[in-house]
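If you're matching them up, the sequences are chains A and W in order. Residues are numbered in the numbering used here as their position in the first sequence, beginning at 1, plus a constant of 39. Residues are numbered in the numbering used here as their position in the second sequence, beginning at 1, plus a constant of 43.
Keep in mind that the hints were calculated from the coordinates and are not lab data. Be a bit skeptical, because a hint or two may be false.
Claimed, not checked - Facing chain W, according to a computed beta carbon distance under 10 Å, are these residues of chain A, among others:
1. VAL42
2. ALA44
3. ARG45
4. VAL176
5. LYS248
6. ALA313
7. LYS315
8. LEU519
What the hints assert, rightly or not - With the Cβ distance kept under 10 Å, some of the chain W side facing chain A (calculated, not the full set):
9. THR89
10. LEU91
11. ALA96
12. ARG125
13. GLU152
Everything numeric in this text was worked out from a predicted model, so none of it was measured. No residue lacks a Cβ here, since even glycine has one placed at the ideal position from N, Cα and C.
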Amino acid sequence: MSVLARSVGNAFRNKVRTAAVVAVLAVAIGLALAMLVANQAVAGKVAELNASVGTVLTVNPAGGQGFEGGGEPLTAEQATTAASVPNVSTVVGTKALRLRNADAAAAQTGGPGGLGGQGGPGGQAATTLTTSLTAAVDAGTLGARNQASTGTSGTSGTAPAFSVPITATGIGAEVDTTGKALELTEGTGLGDYTAASTGALLGTTLAEKNGLAVGSTFTINDQSFTVAGLFDAGTAFGNNALYLTLPAAQTLAELPGELSTMIATVNSMENVEAAKTALQEALGSDAADVSQGQRNLESAVSSLGSVKNISFIAFVAALATAGLIILLIMVMLVRERRREIGVLKAIGARNRTIGLQFVLEALVLVALGSAVGAAVASFASGGIASALISSNTATATTVAGQRGIPGGTPGGFPGAPAGGFPGAPGEGPLGGASQLLTSVTASASPGVIAAGIAAVFGVAIIGALVPALLTARIRPIEVLRGE
Amino acid sequence: MIEVKNLVRTFKSGDRTIKPVNDVSFELEQGTLASIVGKSGSGKSTLLSLLGALDKPTSGDVLVNGVSLAGMPDSKLTEYRRRDIGFVFQQFNLIPNLSAVDNVMLPMEFAGIRKAVRLGRARELLEQVQLDPDKHVRRINRLSGGEQQRVAIARALANSPQLILADEPTGNLDEQTGEHIIELLSSLSRDHNTTILVVTHDRSLANKTDRRFRLQQGRLTEEGARNRAAAGSPA
Ligand SMILES: Nc1ncnc2c1ncn2[C@@H]1O[C@H](COP(=O)(O)OP(=O)(O)O)[C@@H](O)[C@H]1O
Ligand SMILES: [Mg+2]
């Protein structure tokens, strides 16, 4: 017979009472766990939404984006200015180039209309270069239409087979044009992105189309480049692209110090709005356009945030209740067993042995309560979470509707040949946000349940420690009470 | 060897102080079987609780083999109760939801003795107090009063104490069973050379002990001593 065995035995001394205590504990613990599951599910969603809203600001030349529009190009000095704006943690410059297959370009030059200019109206045609690479995307209807609208000046007649250009971007860090870290599937990065090098990162489909692997070489304007790595952007368009170091791209374009865009990362979500204004002011509205990614999710994030807070408060309250139940039960048991505690002391038990026995007994009760409570929570948490969220979504939708927050599809990649006009916002109140809200799934993951039970045990130990310490104050003479 | 020196214990009840132990002094040689008789409320239990360190005296001292209990820290007093003292109570005071063997093993567990050793010794002791082997693993609340008191005596012997303090051990038993218990205590004190101090109202039981004390209003007096064996007390 050990202390533990004695504690287990004591926990079952009065079976009816044990069952009642376990039932009450199970309700409190079950509620705590359900609230924790809901809280975690919502927190996960909030993090996801925050990540999609992002902390990235894009700076374009005023009046221009990519190969569209006009205005003065951005400069390295402006990048320095941007970097010194408060809350802007990093600024990455990019230089976009359009590459055309050398053979296709040669064929087209002879044709009617010629290669009048790949740039947009008043655009930046100077940066179109030739390459040995073939685009991984077929022109198709959209390509041909884009070609007709942006290319030749109204020539009718037989247009030759048109090939889609390849976007090459010089980058100042290992990020894509939206500021997201590049996902390399093979090879390595380009090392120092601020120094000229002959390395290049290719999209997976572009590399495949041209039969290139890491270590292969290709040319841009007769200059040889080596494939240093492959990346997967996740889209057919994104993968028909390649990245060079910023100086390499600037050298190819013969425009040193000139930037197409700057990607500014803000240190936190809360500061994005302020940083955007500050950045716009610092650069001047006649020189730069500062834009932000999706903004329609903010209300969704804030309403989910309140669900998160409510569920957390409920979790703490239920946890405290469980602790209180244990405290009261143990105080009662200690009072009831005063004489027995006196006996144990009379026969030489140390205070800590007796205290440990009572704490263990409390933990046996909590373990039983947790087992039943976890079962209850795994059934109830889904319902609880969706009830919490649906009541909050109703409010969010109303608010969002009144504000007329635009939702829907995010703008395509600036200058995307197949992506429509950049930043064209879809209409409709709240858009995808309400769907995001209802898509919160509160499944009781073992990890969260385990963390919740750990918290329950932590609170139970505190709840049981008080009565266990009370046993230390019971004097051995209690054994003679009532004799 | 137990020496009791000018032991006093007072209680305040309201504005009145009572002195159930009033300047008590005596000595007991190792292996003596002694008894204390006295009316109810004369302070017998209070005296025993002071000797067994269940309670602390208002003044005076108890010396166990020359070591003073006065001023001993609580942890040392716990160790003293565990190692040097065995208690036998009128109400038996066993742990009701444990078996006989588990009850006897308890003081050994507190003393840190290995489980296998505890079990062997507990069974041996239960045999010595003549508890039927088939009742060794029976829960305490399913044993008779006499059987429970045998278990209690086995528990008191568990850590081979120098002194067994028995407070009216036969008080809840019928006459015949009580006699057996006293005989048991008597033979144990002989076999184990354990000093036993037994409180009883029963004259005939008291007459079977080596030394007989009487407690009256907190004052202890010794009645005509009788030597049971060669080893004993001064006449
Ligand atoms: N904790 C206490 N507080 C107050 N009075 C006490 C306490 N313990 C014992 N007494 C009193 O001391 C006297 C002696 O009690 P006790 O030693 O139990 O007598 P006995 O065991 O001889 O019957 C009684 O009057 C009793 O009421
Ligand atoms: Mg008494």
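These are the hints, each one checked on the structure:
Given the 10 Å rule on beta carbons, the hint for A/VAL42 holds: about 8 Å separates it from the nearest Cβ of chain W. Contact between A/ALA44 and chain W, as hinted, is supported at the beta carbon level, the nearest pair being about 9 Å apart and thus within 10 Å. This hint holds: A/ARG45 has a C-beta 7 Å from the nearest C-beta of chain W, less than the 10 Å allowed. For A/VAL176, the interface hint is violated, since its Cβ never comes within 10 Å of a Cβ in chain W; the closest pair sits about 77 Å apart.
Using the Cβ-Cβ criterion of 10 Å, the hint placing A/LYS248 at the interface with chain W is not satisfied: the shortest such distance is roughly 75 Å. Of the supplied interface hints, the one on A/ALA313 is violated, with its beta-carbon coming no nearer than about 63 Å to a beta-carbon of chain W, more than 10 Å. Because the closest C-beta pair between A/LYS315 and chain W is about 68 Å apart, greater than 10 Å, the hint is violated. At about 6 Å, the closest approach between the beta carbon of A/LEU519 and any beta carbon in chain W falls short of 10 Å, and the interface hint on this residue holds.
The beta carbon of W/THR89 is positioned within 10 Å of a beta carbon in chain A (closest approach about 9 Å), and the interface hint is therefore held. Look at W/LEU91: its Cβ gets to within about 9 Å of chain A, closer than 10 Å, so that hint holds up. Annotation: interface hint on W/ALA96 holds; nearest CB of chain A at approximately 8 Å, less than 10 Å. For W/ARG125, the shortest C-beta to C-beta distance to chain A is roughly 2 Å, which falls under 10 Å, so the interface hint holds.
Satisfaction of the interface hint for W/GLU152 is found here, the shortest Cβ-Cβ separation to chain A being roughly 7 Å, below the 10 Å cut-off.
Hint check: violations occur at hints 4, 5, 6, 7; the rest are consistent with the structure.
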